[in-house]
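Trainee: Sequence:
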Amino acid sequence: MRNRDIVWISDEDKAFVRSFLIDEDDDMLAFNKPAGLPCQTRSADDHTLDKLLWAFAKSNGKRPHLVHRIDAETSGLVIAARTKPAAAALSKAFEDRLIKKTYLAIVSGDASRVTRVESPIGSIRTSDGALISGIGGTPGVKDPKPALTRFNCISTDGQKSLIECRPETGRMHQIRLHLAHSGHAILGDTQYGNGEGAPRLMLHALRLQGPHPIGGGFDYSAPVPDDFEALSGI
1 MRNRDIVWIS DEDKAFVRSF LIDEDDDMLA FNKPAGLPCQ TRSADDHTLD KLLWAFAKSN
61 GKRPHLVHRI DAETSGLVIA ARTKPAAAAL SKAFEDRLIK KTYLAIVSGD ASRVTRVESP
121 IGSIRTSDGA LISGIGGTPG VKDPKPALTR FNCISTDGQK SLIECRPETG RMHQIRLHLA
181 HSGHAILGDT QYGNGEGAPR LMLHALRLQG PHPIGGGFDY SAPVPDDFEA LSGI
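In this note's numbering, the protein residues as written are 1 to 234.
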């Protein structure tokens with residue numbers, strides 16, 4: 001990254017991104033991303049976690065980079081690498097499925113019998129041209145790939161359920177689509193559900209465990225936000 005590419009951010013934004021920093025060391029940063037904040041920058045005017053990482057830049061213009069991302073509507077754990085070697089090691093760990101991911105979701109209905117969904121996932125274009133995910137075999141779904149998510153229903157009142165989700169593959173919108181396919185769409189999911197039951201998507205990236213870039217391991221957890229806690233009753 002050349003100095004002329006440095007992005008200057010306000011003191012307010014620096015304080016904002018540090019307010020949801022969970023942990024940091026010389027190689028990694030862990031954040032509890034709030035719902036509504038996109039990870040990825042698509043245009044110069046975007047307000048994203050990727051851009052906010054300039055708060056941790058060095059004087060020579062080198063700054064951390066995200067090694068994975070979660071949906072803008074999803075809250076919870078996101079990690080970034082401070083150095084190129086750390087980024088390479090973490091990216092490979094994700095690619096090799098060495099990083100265990102745990103999410104929490106609040107879904108419609110009694111999901112106590114849902115323990116795993118192993119349906120292939122591909123891509124499909126919506127009527128307005130957006131690219132989303134679809135279950136393999138559905139008309140219009142292209143290039144389906146194997147996908148497996150394990151589930152554990154923590155509690156239910158019959159109308160909604162709090163469920164732990166452990167994706168073993170990393171397809172786009174995998175948890176959201178697999179839950180909708182099981183008949184228990186995530187509350188507030190306007191893409192794969194009816195959007196009812198919550199003002200936003202009730203999906204939270206709770207925990208990441210994996211090999212640390214310099215040896216040993218890391219294990220980060222992100223507390224659920226207040227609105228999620230209130231709705232789930234946990």
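No wet-lab data here; the hints were simulated from the structure.
Take these hints with a grain of salt, some might be off.
[Claimed, not checked] In silico EDC-like pairs for lysine to aspartate or glutamate, Cα to Cα no more than 16 angstroms straight-line:
#1 K84 with E12
#2 K51 with D26
#3 K58 with D96
#4 K62 with E73
#5 K84 with D11
#6 K51 with D11
#7 K58 with E95
#8 K58 with D27
#9 K100 with E24
#10 K84 with D27
[To be verified] Label pairs and their calculated CB-CB ranges:
#11 Q40 with R97: 19 to 25 angstroms
#12 K92 with L21: 20 to 26 angstroms
#13 T156 with E12: 20 to 26 angstroms
#14 A198 with S221: 43 to 49 angstroms
#15 F16 with E164: 39 to 45 angstroms
Backbone N, C-alpha and C fix where the C-beta goes; we use that ideal spot for every residue, glycine too.
Trainee: Hint by hint, work out which the structure violates, then give me just those numbers in ascending order.
Mentor: Hints 1, 2, 3, 4, 5, 7, 9, 13, 14, 15 contradicted; others consistent.
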